[in-house]
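Enquirer: Chain by chain, the residues run as shown.
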Amino acid sequence: MTDILMPALSPTMEEGILAKWHVKVGDTVAAGDVIAEIETDKATMEVEAVDEGTIEAILIEAGTEGVKVNTPIAKLSGGDAAPAPKAAPAAEAPKAAEAPKAEAPKAAAAPAPVAAPAASGSRVAASPLARRLAEINKLDLKLLKGTGPHGRIIKRDIEAALASGTGKAGSAPAAASTAAAEPRKVQSLEQLGIAPGSYDLVPLNNMRKVIARRLTESFRDIPHFPLTVDIELDNLLAARTKINTALEAQGIKVSVNDIVIKAVALALKQVPEANASFTPEGIALHHNADIAMAVAIDGGLITPIVRKAETKSLAQIAKETKDLAARARDMKLKPEEFQGGTFSVSNLGMFGIKQFASIINEPQGCILSVGAGEQRPVVKNGALAVATVMTVTLTCDHRVVDGSVGAKYITVLKGLLEDPIKMLA
Amino acid sequence: MAYDLVVIGSGPGGYEGAIRASQNGLKVAIVERELLGGICLNWGCIPTKALLKSAEVFDKINHLGDYGLTGEKPGFDFEKVVSRSRAVAKQLNGGVGYLMKKNKIDVIEGFATLEPGKDAPKVVVKLNKGGEQIVEAKNVMLAVGARAREIPAIGAVSDGDRIWTYRNALTPKSMPKSLVVIGSGAIGIEFASFYRSLGAEVTVVEALDRILPVEDKEVSAEAQKAFEKRGFKFRIGAKVTKVEKSGSGVKVSVEVGGKSEVLEAEGCIVAVGIVANTENLGLEKLGVEMDRGHIKNDSHGKTNVKGLYAIGDCAGPPWLAHKASHEAVHAADYMAGKKLSNLNPPIPGCTYATPEVASVGITEQGAKEKGLDVKIGRFPFKANGKAIAAGEPGGFVKVIFDKKTGALLGAHLIGANVTEMVQGFCLAITMEATEEDLQGTVFPHPTMSEAILEASLDADGRMINL
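Residue numbers (this note's numbering), protein chains in the order written: chain A, 1 to 425; chain B, 1001 to 1466.
Some hints could be false.
With a Cα cut of at most 27 angstroms, we get these calculated BS3-like pairs of lysine-lysine [what the hints assert, rightly or not]:
| hint | chain 1 | residue 1 | chain 2 | residue 2 |
| --- | --- | --- | --- | --- |
| 1 | B | K1306 | B | K1104 |
| 2 | B | K1403 | A | K138 |
| 3 | B | K1177 | B | K1242 |
| 4 | A | K142 | B | K1339 |
| 5 | B | K1403 | A | K168 |
| 6 | B | K1404 | A | K155 |
| 7 | A | K380 | A | K422 |
| 8 | A | K138 | B | K1404 |
| 9 | B | K1338 | A | K145 |
| 10 | B | K1339 | A | K145 |
| 11 | B | K1177 | B | K1251 |
| 12 | A | K155 | B | K1339 |
| 13 | A | K138 | B | K1370 |
| 14 | A | K145 | B | K1404 |
| 15 | B | K1251 | B | K1173 |
| 16 | B | K1403 | A | K142 |
| 17 | A | K155 | B | K1403 |
| 18 | A | K155 | B | K1302 |
| 19 | A | K168 | B | K1404 |
| 20 | B | K1080 | B | K1090 |
| 21 | A | K334 | A | K319 |
| 22 | B | K1404 | A | K142 |
| 23 | B | K1375 | A | K155 |
| 24 | A | K168 | A | K145 |
| 25 | A | K155 | B | K1338 |
| 26 | B | K1368 | A | K155 |
| 27 | B | K1060 | B | K1173 |
| 28 | A | K253 | A | K422 |
Covered by chain A, per the in silico footprint, the following chain B stretches (three or more residues, Cβ under 8 angstroms) [what the hints assert, rightly or not]:
| hint | segment |
| --- | --- |
| 29 | 1401-1415 |
| 30 | 1433-1443 |
What the hints contain is simulated information worked out from the structure, not anything from laboratory work. Backbone N, C-alpha and C define an ideal beta-carbon position, used for all residues, glycine too.
Given these sequences and hints, build the entire structure.
Expert: Spelled out as structure tokens, the structure:
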């Protein structure tokens, strides 16, 4: 009899939710059979059996949260030594991709999307002695830099910290934003005068916890400011009609959002200072415009990425966004598909929202909030006229993007969107 | 041809450093005056282990009855015991030759001297086949080793006949009936153990107050008891005043506790330490800094002369093959600009007598001298199931932790197989283990290594099997 272990979906995964069992005790399974689904803050994946055998026992109930990687989750008889099951990202879900779904990806709620934190894991590599010394000397290992093998914190790093007086538990590191802060403590509802029983409590899933933590940190710790402009869309809409007529035979329909993604990427190439991330070591200027688009999904939101959007045709972008959005809603994205964008776009236009300012999606320097395109009175040549106008807001991380850079960027973007022929230039 | 590195000496330091340098993409040559592999595998570590294995098997066969076995009284062919040891050394010597070829390292047979050069000293080799070869390189690594110390003032000098150093003791023409061994370090004790097993009367003379003086005191005491049980005689705290030949043997005059005594035997082994082979290399002319007879180097093996490195025995104690290898490999990485191991691991030491002795890190006395607050655990093999089953109940494991941090500071072992067990402690120290890590590790049962677990538990008074 062998144990089936909780698999790691990504190198950084430490725990997850055992969402669902597809088998029950006594079922016979063959290698490759889907036996369970596990869920992390980012994705749901199917667990496949590696060996054949009979499920002897289910050790972790469906719906259990915080199951550590490599914990036995079930017992399988028959097979010889069965290693941890493969956590194959569930098949590419071709059905979803082909399904005739709504054109533009449904926009996400205002807050910035969830992306992978750079240093998410709370586990710090340190030697046993270093751990003991840190405990004795009340040092926070998370604040120290390791010089041992593979960056492990060893005795001499502790000695160096003691000598320099750094790394005291509770002390903020020189470069803020590297320490992961806990979400603010919330008083109980009862203390706030809301009677128990007068509400239903929805447990926090991993995604909700991550949204809460990351956005709290971002909004609190990053000095951010919004820049808003109105953009006239009539030329763009006319161009889109022509483009879609041309692409009709291929069954591709380009949305306004797709054009926005392309324009955002092209504008980043013209104003590369806006395609940047703050790090304690310096400002990272990204080589590519990897545009993350916020997609609302059940229980939260996720930001799949159109990589190198500046190099892609509108038809390509349209195909990609449609596929990414569909798979995002099915929780079938692979980690590399939603981690590591350089700039985010959040669009609430389809809900009639006129204007909003998203929260920075760390470590990206900017996020663009796109409102609804609507007919509005405008003044042209001193006379009142009607135009289709969309209001967009660029939220900037002031550590990376100053007001003038943000203004330059948004002006370039406005130029591209108001006269889309410029995108061909 | 210009090299990136010329290594002088092909012992375990030199040849391993040469290989690592070659792995690092350097063009390497190695100069050897005698045999590839140096003392270690031709005249030291390896051939002595071959002799000691013969002795161990012979001891076991002499105690067949202890295991319920019967057989005729065994004997030995001394010449064959010695020639087996030589064959083992020869095999490994050929192995080093193969390794040099495999790693494209040019082997130059001859004696090297150094002259001032541009990037590094110029190496002039007086070739064994005649003639001279000048070798220029960006770096030169001295790995010239050491030899037995002799004391002419009292006559403690090898005559190749009755007064021996380790080298003579490895290739005796006949089996001596009695021996005086001067010095109770690893070399003296190993030869004493070998010759005693084959029937020689052995007297070991030690100037300090205990045998195996670098080991923990408890180990020294246990070892002396075990050796005395095997029929060794000891003169401890004894000063040798004269070594002279007499008729058919030697006379060794000693002073113990104010009294003079003359020890008579067929032969004598001088094992009173080593001298670095630093003569005739041209070091004086280059102005190489020395430290008590050894070449002074820094933590990367660099000397004070540009491009000149020194590693191993010639650069100071402990005089052990694995220390030389570690230093040489480190220096080869350093000169190639490779990532260095950040740790400065303690060097383990082993004595392959019966019983074996092995240790790593600080002794109890050393901890006391440093004023460290320690906790100590011990476990005797007589309470270890595997040791009893194997008929090897002698000896113990002693382990020393820092009281406050739990850091593993030292381990001292004596008994059967302990030279193969000490590496567990070496790894634990390198990885900065604490007592909890050792106490929480599962040791296979039944093995003698369980004594490591029990000794670690004993440091906290939680030993289980005693």
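Enquirer: Mind listing which of the numbered hints don't hold for this structure, in increasing order?
Expert: none
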